[in-house]
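Protein chains: 4
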Amino acid sequence: MLIVMQSKATPEQVQSICERIESFGFRAHPIEGTQHFAVAVTGDLRGIETCGLEEMPGVQEIVRISKPYKLAGRESKPENTVVRFANSDVTIGGDEFAIIAGPCSVESREQTLHIAEKVAASGARFFRGGAYKPRTSPYAFQGMGVEGLKILAEARERTGMLIVTEAVDIEALEAIEDYADMIQIGARNMQNFSLLKRAGRSPLPVLLKRGLSATLEELLMSAEYIMSEGNRNVVLCERGIRTFADHSRNTLDLSVIPAVHKLSHLPILSDPSHGTGKRDRVTPLALASAAVGADGLIVEVHHDPERALSDGPQSMFPEQFANMVSQLRGILPVVKRTLSTEPLKPRPAATQAACK
Amino acid sequence: MLIVMQSKATPEQVQSICERIESFGFRAHPIEGTQHFAVAVTGDLRGIETCGLEEMPGVQEIVRISKPYKLAGRESKPENTVVRFANSDVTIGGDEFAIIAGPCSVESREQTLHIAEKVAASGARFFRGGAYKPRTSPYAFQGMGVEGLKILAEARERTGMLIVTEAVDIEALEAIEDYADMIQIGARNMQNFSLLKRAGRSPLPVLLKRGLSATLEELLMSAEYIMSEGNRNVVLCERGIRTFADHSRNTLDLSVIPAVHKLSHLPILSDPSHGTGKRDRVTPLALASAAVGADGLIVEVHHDPERALSDGPQSMFPEQFANMVSQLRGILPVVKRTLSTEPLKPRPAATQAACK
Amino acid sequence: MLIVMQSKATPEQVQSICERIESFGFRAHPIEGTQHFAVAVTGDLRGIETCGLEEMPGVQEIVRISKPYKLAGRESKPENTVVRFANSDVTIGGDEFAIIAGPCSVESREQTLHIAEKVAASGARFFRGGAYKPRTSPYAFQGMGVEGLKILAEARERTGMLIVTEAVDIEALEAIEDYADMIQIGARNMQNFSLLKRAGRSPLPVLLKRGLSATLEELLMSAEYIMSEGNRNVVLCERGIRTFADHSRNTLDLSVIPAVHKLSHLPILSDPSHGTGKRDRVTPLALASAAVGADGLIVEVHHDPERALSDGPQSMFPEQFANMVSQLRGILPVVKRTLSTEPLKPRPAATQAACK
Amino acid sequence: MLIVMQSKATPEQVQSICERIESFGFRAHPIEGTQHFAVAVTGDLRGIETCGLEEMPGVQEIVRISKPYKLAGRESKPENTVVRFANSDVTIGGDEFAIIAGPCSVESREQTLHIAEKVAASGARFFRGGAYKPRTSPYAFQGMGVEGLKILAEARERTGMLIVTEAVDIEALEAIEDYADMIQIGARNMQNFSLLKRAGRSPLPVLLKRGLSATLEELLMSAEYIMSEGNRNVVLCERGIRTFADHSRNTLDLSVIPAVHKLSHLPILSDPSHGTGKRDRVTPLALASAAVGADGLIVEVHHDPERALSDGPQSMFPEQFANMVSQLRGILPVVKRTLSTEPLKPRPAATQAACK
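In order, the protein sequences belong to chains A, B, C and D. The numbering of the first sequence is the working numbering, which starts it at 2 and goes up by one. The numbering of the second sequence is the working numbering, which starts it at 2 and goes up by one. The numbering of the third sequence is the working numbering, which starts it at 2 and goes up by one. The numbering of the fourth sequence is the working numbering, which starts it at 2 and goes up by one.
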């Protein structure tokens, strides 16, 4: 931390800042400049506030240097986190590029199983589908709830894909733990700290989406909430930020992906479906996500988007998804990633509980 | 809703769009332009999706005209909502300008009661103070919980001010209902729809803060969530949005205040403390908020911000608060608002329960 | 400047950074922290780059502390700049609140003189009107050019108001010098450095509008371009920034006004017409601008906005302008500003040249 | 254009709107909805204003449908524009992926020729280097001017690469026409309409960079300014937009690339150097740019960035550039682009003039 004094600050004020700093157990290093005095502060400052120093007479500005996250930062764990799943050799964050695909919402057993067969055949290893939907309007479809979770579990049984689904609150999270393999925390809940803490006590890995206006530091601090409760299996996800640009539903911030890899050991996926909001933009942005170094993708696929109960305009057709995967196979070797072509095996129902 | 067809769309495609529209029970009005066909759709479209029309062949773009909110909109209720409180003649949204003041967090009984006496003496009618704190870092002070609520109730008893405090989750909300007079939903939870629905079943009025990247329509839709569950006593609050500007913690968007007044009957307050993040900016932005037509203010006040456990740099000193109120008295008559000078009376403990 | 070293940086790397710094004539102060080394740099660093230090082995991050502006900063000139005009006792930046009003464009002699009479009668001291218009579309009206300037000069002669008009390029600026009293540099040209330098060699004061995505530091650096060429009569202007918010044409950032007053001695006006883009928002935001401490306003007024060739929807009617001024008279005393009620006297043509 | 009437608008007001519309030579189509009347307007509305209709009694909102650009839009020219250069078979916008590389600034003959040899050897077909520099600070290096242009021309002569360099004003543009092959208009000048018009009368192709807060429509309208003066050889360039995200100098908006390809026939490049501001992010974002479908790249390369006079931190080393090109060769076939491996031939000086 660096405390910049006003140019008119007196030596007594500098002295008194130094004493306050030392009283907290840190070390103060006064520096005399041509215009200003400054005081550098050393010690383990992570996670602490500015201790009211900004309030002291003569202080102009406080510049924080230390990162406030501990567990999520690469300094505390230099090697990449590879998330593993019970009863499965599928991973996220390792050499294999992870593909999560499926409809926005679970709408019916028939629709869900139909899409699941399609995406599994094209190479998806994970199946997504919302049983609990956060919707801007209270009058819009809010999801099938536990019935939807049961349909997802059946999709796993038939196709062998692992199930990723969103928890909109603690009650939903607890139901999800009984049926799914990975809990998604959506962008709107990225700073729902009660939900993050509960996810931190879950045995399931967590897919944490970046909020629409979250900085990278805030995203890592939300991961820190989960990790500080004991769950270290956190996968981040870029899904578009809110900017002035109006040609796209959101602005997919692909430069955050190498930035996460530099600062953190956690994997990060890209969601080009929400990032663009338009079906015909999903493939180009998916290829770009692979090229920029993402650890995988999460995309929406629907065989009949005209009739989808949510997010129709951004859902790909199954054939588009298959083409996208085939183009990805051309790009992944350049960034040293693999994408298995081996077909999945159906998973007997008995493995559902074990996924915990 | 207006459906703009591609310039190369065929008459058959237009015909088929019209049939689909009529099949939903709406009316289709085809319009032939020089470059494009378009189809206007009439009927009660509020709250519905685009029904997959975007997916149909020949469609270029869909332009929504109807507002998706019903209860929050001024069309459904032209007169202003005036929020009233049990056992009190204080209001929000009427002629009287509402001032909510107090510390960011309840830190101790002594600190809380001290600040409460100060702000009540200067003209605050509502007292704020967080017992449950949403903090970016899991390592920062998270609030005193129920102990804090008891201290707030004591502050009401002594000063007569009504209590406003934040619910970070459903559990906190239920505790708050036993002690406070108004439930605050913070910016990070503006789209925590489970929490909004629960607030919609509360007997207490709700102060709903705008999210950092929420559009006006999203803010009104979140109010709609609360109102659609039965609670019509919603007060909105502008507290700064996230932009590229770095001279201020957030960008206080004062132009949203007349925009809310035009589209909605709900009152809206301004929070210049979070909006600016800097103590010396609070008074100028508070005066501007009154001048622009806000229904009131919520500000942070602390007698010893150097030692505050949260938000020290943006908390005003009690004397600054008193000066701000005195300057407000000069501005409010210009915008036809009043600010009572009558002292509050202490409220006997028996009225606490009745506030519900 | 503070150079933060990587946690794995070696003592030799720190040493070599220090030597490089000293080789530039600055002083290096190494500081040993618990996680990192850092090196503070002192000396007159204003206006210099980071000298390639970011490139040196072991460096993690460089934090700049010094402000890069010299002439525009309050440290170099603590007292407020009051801009004065030849042959006139009107000022900007002193006690008197400055009001600049008039149409977006000079469209005809009749329209211009009609509006000029109206706004002069209501209290404007400055008249605005574009003779050269920066328009997003090449097919839109581009202004009357020199003919328009002559009409503006006639408006001055008749009403006594001083003339403010926009220079879109150097050629326009040179014509304006022959007719007007103040040169406006528009938001789109805030970083047109060739134009800024030429304005810096003009005898006329300059009204410099903030760009749609300019930080406060960039605005002050553009003022610095003008001032470094010799012209110290610069007035800044906030006119709305571009954000995600869609309820308003731009987001008027009123918190920049106290921020400018803290960092700089230059006056700053507010433009609620461009800031909101909607006529019915101009008065509330104008009152808010006065309350927040702006040194004045620039607003668009048109007696027949339906037929205006540009910016019709944001132009006030003359009666709205008169009402706004009358409400301002209620607010200004609270912020210690005056607004003269004395009528202006017509200015004989001979004073036009002298305005230079 | 669709005019939405207020719910309380009278039939007479609708009638009077229709008459006004017809008086302009357009056709009015009144539509009766359940809540509102609306009036659709047809005719060739491109490039016109709203004609004051927003001002008429009873009007609530005007929704524009037609695009305001003509020449830049794909509707007017469905096939892609391929920009060709005199005395050269290099193109931009065709099958070949275009790579422009070189230092931020021309600093000396030695530095420039050294970098030119390096990037030509690795596969660049175009050489960049600023002889006129737009700098935020008036105290920073402003470029070598005509001396710099002569050095660039020598680099072309030796390596055979075509020269791209920025015009900061009309004077610079005219000098550039004597030496270079392509004129760059920088982001800060994207709406310097006088400069755009002059570029529209140049025989050289123009590289037009997107402004930091420009919408896609504004970018295309700036291209329209150039094209409407006769020059149809315009190449667009995404170079990052300004958002709240602080992990990167700007936010490179790669989703604009497929959006441009949909709406316009003009080619678009990506500038990952300015887009990220950090050397180690340039390669990942360059690969992503190719994968998303960009027509080429412009990147900064410097052999000694520690000593560069501008933009050191974002300049790649020549070896990094060579590696990036080699990775690009892996990705381009997936998006059906080629990248020649044939060495360039030196260009005799006589061809310099002919490039016009």
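Note that these hints are calculated values from the structure, not bench results. Keep in mind that this is a model prediction, so the values were computed, not measured. For every residue, glycine included, the Cβ atom is placed at its ideal position computed from N, Cα and C. Certain hints may be false.
Below 30 Å or equal to it, Euclidean Cα-Cα: the simulated BS3-like pairs (lysine-lysine) are [to be verified]: (1) 198/C with 279/B; (2) 9/D with 279/C; (3) 198/D with 279/A; (4) 9/C with 9/A; (5) 337/B with 279/B; (6) 9/D with 68/C; (7) 71/D with 263/B; (8) 198/D with 198/C; (9) 9/A with 279/C.
Facing chain D, a subset of chain C residues (Cβ under 8 Å, in silico) [unchecked claim]: (10) 19; (11) 118; (12) 135; (13) 189; (14) 264; (15) 266.
Outcome of the hint check:
no.: 1; hint: 198/C with 279/B; verdict: violated (35 Å)
no.: 2; hint: 9/D with 279/C; verdict: holds (20 Å)
no.: 3; hint: 198/D with 279/A; verdict: violated (35 Å)
no.: 4; hint: 9/C with 9/A; verdict: violated (37 Å)
no.: 5; hint: 337/B with 279/B; verdict: holds (29 Å)
no.: 6; hint: 9/D with 68/C; verdict: violated (55 Å)
no.: 7; hint: 71/D with 263/B; verdict: violated (36 Å)
no.: 8; hint: 198/D with 198/C; verdict: holds (21 Å)
no.: 9; hint: 9/A with 279/C; verdict: violated (44 Å)
no.: 10; hint: 19; verdict: violated (15 Å)
no.: 11; hint: 118; verdict: violated (22 Å)
no.: 12; hint: 135; verdict: holds (6 Å)
no.: 13; hint: 189; verdict: holds (4 Å)
no.: 14; hint: 264; verdict: violated (16 Å)
no.: 15; hint: 266; verdict: violated (18 Å)
Hint check: violations occur at hints 1, 3, 4, 6, 7, 9, 10, 11, 14, 15; the rest are consistent with the structure.
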